[in-house]
Amino acid sequence: MSKLTLKELSKQEELLSGGHRLCAGCGASIIVRQILLAAEDPVVVTSATGCLEVATTIFPYTAWKVPFFHSAFENSAATASGVEAMYQSLKKQGKIKEKIKFIAFGGDGGTYDIGFQSLSGALERGHDFTYICYDNGAYMNTGIQRSSSTPIGAATTTSPAGKVVPGKMQHRKNLTKIVEAHNIPYLAQASPSKPMDLMKKVRKALATEGPCFLNIVSPCNRGWRSALDGAIRESQLAVDTCFWPLYEVEEGKVKITFKPKEKKPIEEWLKVQGRFKHLFKPENGWIIEKMQKRIDHDWEKLLARHEADQPVKE
Amino acid sequence: MGQRVAMTGNIAMANAMRQINPDVCAAYPITPSTEIMQQFSSFVADGLVKTVLVPAESEHSAMSACIGAAAAGGRVMTATSSQGLALMWEMLFIAAGNRLPIVLAMANRALSAPINIHGDTSDAMGARDSGWIQIFSENGQEAYDNLIQAVRIAEHLDIRLPVMVGMDGFIISHSIESMELLDDEKVRDFVGEYTPSRPLLDIQHPRTYGPLDLQDYYIEHKRQEYEAMKNAKSVILEVAKDFSNRFGREYGLFEAYHLDDAEVAIVVLNSAAGTVKTVIEELRADGVKAGLLKPRVFRPFPAEEIAAALSGVKAVCVMDRADGVNAVGGPLFPEFRSALYDATPRPMIINKVFGLGGRDLGLHHVREVFAELGKIAETGKIETLAEYITVRN
Ligand SMILES: Cc1ncc(C[n+]2csc(CCOP(=O)(O)OP(=O)(O)O)c2C)c(N)n1
Ligand code: SF4
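Protein sequence lines, in the order shown, are assigned to chains U and W. 1 is the number of the first residue of the first sequence in our numbering; add one for each residue after it. 1001 is the number of the first residue of the second sequence in our numbering; add one for each residue after it.
Read the hints as simulated data drawn from the structure, not as lab findings. Backbone N, C-alpha and C fix where the C-beta goes; we use that ideal spot for every residue, glycine too. Among these hints, one or two may not hold up.
Unchecked claim - With a Cα cut of at most 30 Å, we get these calculated DSSO-like pairs of lysine-lysine:
(1) W:K1222 x U:K92
(2) W:K1222 x U:K91
(3) W:K1050 x U:K101
(4) W:K1186 x U:K92
(5) U:K91 x W:K1186
(6) W:K1050 x U:K99
(7) U:K95 x W:K1375
(8) W:K1222 x U:K65
Unchecked claim - Covered, in the sense of this in silico footprint (three residues per stretch, anywhere, with C-beta under 8 Å from a C-beta of chain W), are these stretches of chain U:
(9) 112-120
(10) 285-291
To be verified - The following residues of chain U were derived to be distant from chain W, with all beta-carbon distances above 10 Å:
(11) N75
(12) K92
(13) P282
Could you build all of it, start to finish, from the sequences and the hints given here?
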């Protein structure tokens, strides 16, 4: 694994071409470009059904300059398992000589919900691949329905903010934590607003033997009801409010890779998104409080684990 | 040539897999096909095959992994039954639509509910329109022979479609019978080396598989799949011919048993055909012109050949070991009835649903069916078009 430098990256070919049909300002395309830039060895990609897949592969066009396989919604990890198994088989037989790395993409729907079983199975079996969830917090491709990653209070088309129910009433699932329980060698959370951090994590994941997992916050201006050019600002606010802490877990040890100088209140992130507009009515204030409490609690715990896991400096 | 052995249908299938020696095998346990993968896993553990196993966490993922592995560019096999095939259902279409030559060994079993682990063909019938070639087997020998032939059929460049090979759960999967195992070398020669077509792992030629295919292309791609299925008929016969030249056992699209001069005939899949043959022998001794058409290849459906084989028979009973629950008969019935529309002269045709969930089909049941067919042939009248038999009243 070589060191990442901007100079080196600037010379590389973009492996996701322009002209794909993702919405202008979509976080997913920024993330995928960063990931493909960071990959040192050739990669083969599988993807779940969702915005990323449907918008980049409208036949007879494709935006992918790497081998790409979409099979179904819930099985990106299982499909990658098969591709990787065949690679191992052919390599053992001497039929393939190249070093190839495997990346499986899924949205939060295809990862936290319907694809969770196939992800868990593939992680447990120990395939040598990296699973990347671009988490935009809802089923965007089918029209912004709630997923188990949707933050509490968010209005989606299946958890609308109505007269008696003010949006989604449950906290989001902490998938990164659940994935950690699989005891895989490397996992991390990243944000496109911290590209070097994101790309370093990608490089580390791809260089690590065995299953790795990256959860990446992925702004969606359609679903978040936010500014077309807001993706980087919003993903950084997610980090600065500690809604989306940047950290990694390597061989079970936690390391926070970016600590905001000053932790911003969650309102800062909420107020730039129309899906949380109703939370600012006085009667819904309790939801913001509840959310803040959960964020504080999780952040404190993460800090403590980080402290405990750092090597002691004499 | 070969080796006389006594083994179950499952172990025979596992041995076919060992001899085929696939690159990847992904599967999930389910009765009654479990034993195939258990036996095969021990071949892997003992280093008798080069296969990389993917012991998936479900059949959905097993088939997904098979799909990924086949697209990657190598020989891929799996085995399942019943609920397992049902859970694969979504992925069966994706395997076929991507033209991936996956081969599946299937011990046919009833579908829930109520839960039942015994033999009928509800599972395969549920998957019959998924774009897979479907081949059925009367006994362990046929299951073994069919599985070996399936590899060549699936991988043929004019086809590139997945193939499932069925045998009755328990009745065949778990019964020990005497059969011939071919020599490892000869099977290897017969199936040949695999040449991948546009493999995903060819990183010098990146390709996108499984794209969004809208109104402007989808139907053309489906049409190609349909053409491949049409080509399959002649390839299946070609492969069978080569198999018979090398190994002496003959296979066609179906087996016609005393059908040439038959006045009454039964159509039935899998092991029940053996029971019907026994009754035919008795009836023939009494001068009754009884015959059997045992479908081997159900997808593609050889309608023309079936019409030719059954034309001239006065009365035919299609026996279904599955029910389509359309309230007019089992799944084979409408297809055979439709094929016979073109037969001249056209036989009278009835349907019996029998043996669901592993219920025995007795010789007396078959005798009764033939007796009814005899009456229809004589009077030209059908009293009951379709009904259940082998049920308690
Ligand atoms: C089995 C199945 N159920 C439902 C769908 C419909 N579907 C396609 S994409 C999608 C949502 C994708 O959401 P997510 O994974 O979050 O990705 P995003 O579109 O937000 O990028 C759904 C529900 C499907 N393709 N397959
Ligand atoms: S709907 Fe959202 S996730 Fe989908 S392409 Fe548009 S911005 Fe991206």
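A quick look at each hint next to the structure:
Our distance criterion of 30 Å between C-alpha atoms is broken by K1222 of chain W and K92 of chain U, whose separation comes to about 36 Å. Annotation: proposed proximity of K1222 of chain W to K91 of chain U is violated, straight-line Cα distance about 34 Å (limit 30 Å). Distance check on the hinted pair: K1050 of chain W and K101 of chain U sit about 22 Å apart at the alpha-carbon level, within 30 Å; holds. Restraint check for K1186 of chain W and K92 of chain U: the C-alpha separation of about 24 Å stays at or below 30 Å, so the hint holds.
Annotation: proposed proximity of K91 of chain U to K1186 of chain W holds, straight-line Cα distance about 26 Å (limit 30 Å). Simply put, K1050 of chain W and K99 of chain U have alpha-carbon atoms about 20 Å apart, close enough for the 30 Å limit, and the pair holds. Between K95 of chain U and K1375 of chain W the CA atoms are separated by roughly 64 Å; this puts the pair beyond 30 Å, and the hint is violated. Using a Cα cut-off of 30 Å, the hinted pair K1222 of chain W and K65 of chain U holds, with the two alpha carbons roughly 26 Å apart.
Check on the stretch 112-120 of chain U: 3 of its residues sit with their Cβ under 8 Å from a Cβ of chain W, so the three-residue criterion for coverage holds. With 0 residues carrying a beta carbon less than 8 Å from a beta carbon of chain W, the stretch 285-291 of chain U misses the three-residue requirement, and the given coverage is violated. For N75 of chain U, the non-interface assignment is contradicted: its Cβ lies about 4 Å from the closest Cβ of chain W, within the 10 Å cut-off. At roughly 7 Å from the closest C-beta of chain W, the C-beta of K92 of chain U falls inside 10 Å, breaking its exclusion from the interface.
Separation of P282 of chain U from chain W is adequate, the least Cβ-Cβ distance of about 45 Å exceeding the 10 Å criterion.
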